[in-house]
Amino acid sequence: MLDDVRPLVAIDNLRVEFQGEEGPIVGVEDVSFTIAPGETLCVVGESGSGKSVTSLSLMRLVEFGGGRITGGRLEFASAAGVIDVAGADDATMRAIRGKEIGMIFQEPMTSLNPVFTIERQMTDGLRMHMGLSGEAARARALELLKQVRIPEPERRLKQYPHELSGGMRQRVVIAMAMACKPRLLIADEPTTALDVTIQAEILSLINRLKRETGMAVLFITHDMAVVAQVADRVVVMCQGKLVEEGPVEQIFASPKQDYTRALLAAVPRLGEMRGKSAPEPMRLIGDEADVRAPLLPQAPEPLLEVSNLTTRYPVKGGLIRRTVANVHAVEDVSFTINKGETLALVGESGCGKSSCGRSILRLSEPTSGTVLLDKCDIIGLSARDLRRAWRDMQMVFQDPFASLNPYMRLREQVAEPLRNFGLAKGSEVEDRVAGLFDRVHLPRSFMSRFPHELSGGQRQRVAIARALAVRPKLIIADESVSALDVSVQAQVLNLMMELQAELGVSFLFISHDMAVVERVSHRVGVMYRGRLVEIGSRAQVFETPRHEYTRTLLSAVPIADPTRRTIGDDLNFRPIPSPVFPLGHEPGPSEYDEVAPGHLVLKDTMT
Amino acid sequence: MSYILNRILSMLLTLFLISAITFAVTNILPGDVAMMIMGTQSNPEALAGLRESLGLNDPLLVQYGRWIGGMLTGDWGTSLVFKEPIAPLLLQKMTASGLIVLFSMSIALICAVPLGVWAAVHPNRWQDTASSSAALLGVSLPDFFWGIMMILLFARGLHWLPSSGFVDPGEDLLLAFRHALLPSLALGLGLMAHLTRMTRATMTGILNQEFIRVARAKGLGERTVVWRYGLANAVGPVMTVAGLQVGYLFGSIIVIESLFNYTGMGWLTYQALLNRDIPLIQASVFVIAAVVMLANLIVDLLYVLVDPRIRLS
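Heads up: the protein sequence lines correspond to chains A and B, in order. Heads up, the first sequence is in this note's numbering, so the first residue is 1 and it goes up one at a time. Heads up, the second sequence is in this note's numbering, so the first residue is 1 and it goes up one at a time.
Simulated from the structure, these hints should not be mistaken for lab results. Fair warning: this is a prediction, and the values are worked out from it, not measured in the lab. From the three backbone atoms N, C-alpha and C, an ideal C-beta is built for every residue, glycine too.
Derived Cβ-Cβ restraints for the label pairs, each shown as a range:
id: 1; chain 1: B; residue 1: 12; chain 2: A; residue 2: 181; range: 55 to 63 Å
id: 2; chain 1: B; residue 1: 139; chain 2: A; residue 2: 47; range: 34 to 42 Å
id: 3; chain 1: B; residue 1: 114; chain 2: A; residue 2: 131; range: 24 to 32 Å
Use the sequences and the hints to build the structure in full.
Next up, the structure:
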């Protein structure tokens, strides 16, 4: 039926080149697809797949990034007739940009000009494209803000971007893109930088706007779960080429290409672990090696015992930089991790999960509470003894680009902890480092390389090897797979589970990604405003969530299955209140109801 | 409001420290005020008497207290070389120097901002190379070199402008400008080079930001995108660097004013140093420090106007 309709966009054999040091580099080639009016087409792929280049080409914005369209046609059915974007002159392009094609980008924090008011940024497009007067443009901007459900729209117009939250800014950017009622909205990773509840809100907003206005949406994302929730049709891209194209149900149910199959296999799906007692490695296509699933020892033996941990950061102000308030980052948190077990801490940004991990290592000094690692009181240790205690607990950070020293060979970086703790000397160091590279499945030839010569996933393996060097009992993994592409993420997760099975190491796995957490953890703690609101076994928290916040969080997670669409039409979650409190504010202790053995839920009065 | 108060208080504290350091350093320097007054051939008893009457035998702390007390009450003492009260002398010379400092800063900003933006808009193209090379040449050569070149070209060669001297703007405004122009140009060239590089770097960063892409995606023309959306974000950082350069300018005028025989603060300070006119050295260092700090305070307060993220709290 759709075939009868003239396509809104017809891309034919697109080729984009970038000027490299040694001649042109191909960014995208042989890409052809169409977008029908009113449909949502998702272009999905991992980093470097050319998905953003394709969308920027459609606006001819790729030239501002040093790219050039060197072949193919990009036909767009504008109000004035079909034009070829690839060959259009600048004036034509300016008339199309913002008027017939709206675009939203990944980073709401930087998408708005920080020194102009919201009103000025919303109205300049309207004045130019629609010839509206100042008064009329203002009225339309107000109408748009109401359409994207921003509270107190009149006040927002006078505000500057920094006065708005991330979710609110992304709504403003969407309102701006919608200003001139475009026929096509290009959304380039519009929810990647957002928390999961805000992601759900934005996705439902785009869905609703699309239905109300009949515009088509070109949705660029790396996230298969988001694709499953919003797409009508899907284009899969890899390394600048189109791999597969088809209706969303077909792509998910019966993908034709190996790459698509591998991509789908690497995506953890929320709910697929139902009924399983222990974490399970991902089944990766092309990597059939049997990875042992971590099992729990028969008699649980506590390794890390955290009680009443509280961490507050001072807010300084005034002439002599006095402390004027406190950020209550971690508020009376208690939990235990057993030997060989993974406890996951999940929550949205600012909930205190990272501060909690850092406080356990005393990288941030806790305000009060006790931390026992194998019965050793970490909080009471002197600086020298603390250093020794770090042998037993290591950390793997989020950004493998920033956590490795760019000026040191990888061999040296992995050997450093061995030398620091005097664990090996002379040729033994080399042997141990080589063993660690084997352990994390990196070729030994990488030992003499520098970090920039490795991919993101390989670097994260090096970071894990470095943490393993001292044979720790506990590894704190703070968003360690969040910056990685899904296929790489799956490999690193499997590696962590394999290490747990073989070495019996415990993990404190800090993450915002519910689906990943469901896959890797034995037990789960949900954090909200510095407190642990619910903790229990994975099955307890995921299958019978009891706290309201846990339910909200779970309902917001997109599921990588187009037959289970959970993104409604008009979601509006409660914003998370500020964790800054005046000096001397003493919130009560965390009190829990034990709803099942080991399943604790924070009493309602606390949040 | 409390931000301004804060800044003024910290400025006063810094000024106090500067006064103490200047006073201490000038007292360590070789040279004796009494001997400077009476000459090297004077009789030792008379010298000792003068020392006593000037209070030079008092403990240093007492002398400092007396000096700072005088500075605060407007009694800045008398210059040993010029035999004049210091306060009106400094006021007059500061006006002269203020003229070329403002003049050179304006010239530098007027040229540097467009050049820097132009280079940033065409990264790694000939426009960028040209602007960067010119800027590098400007910062590599000292101010007095440009001063000499300008005297040779505009004064000696073309006879367009006078090569030296100072005229009070109160007497003849046009003539005062003609005399101030060459020293200002000589000062402004190095400054311009520095500010061009700074503007280019700032604008390059800004033009790569997402909100610039958003502005283009709205269909705004390149001129609006660069000169409105982009430049509005660069004003603050460029202004801050320009403010910091005021301090550098007051260092440079010592050479430039002497070269052009332009009798401003730089020339005065140089004379004071040359003749060990200690009261004058102390007072002029203090005044220069105060002016430089005031300039930076003004810049910081203006920052609030150009960047809504900075609040006066």
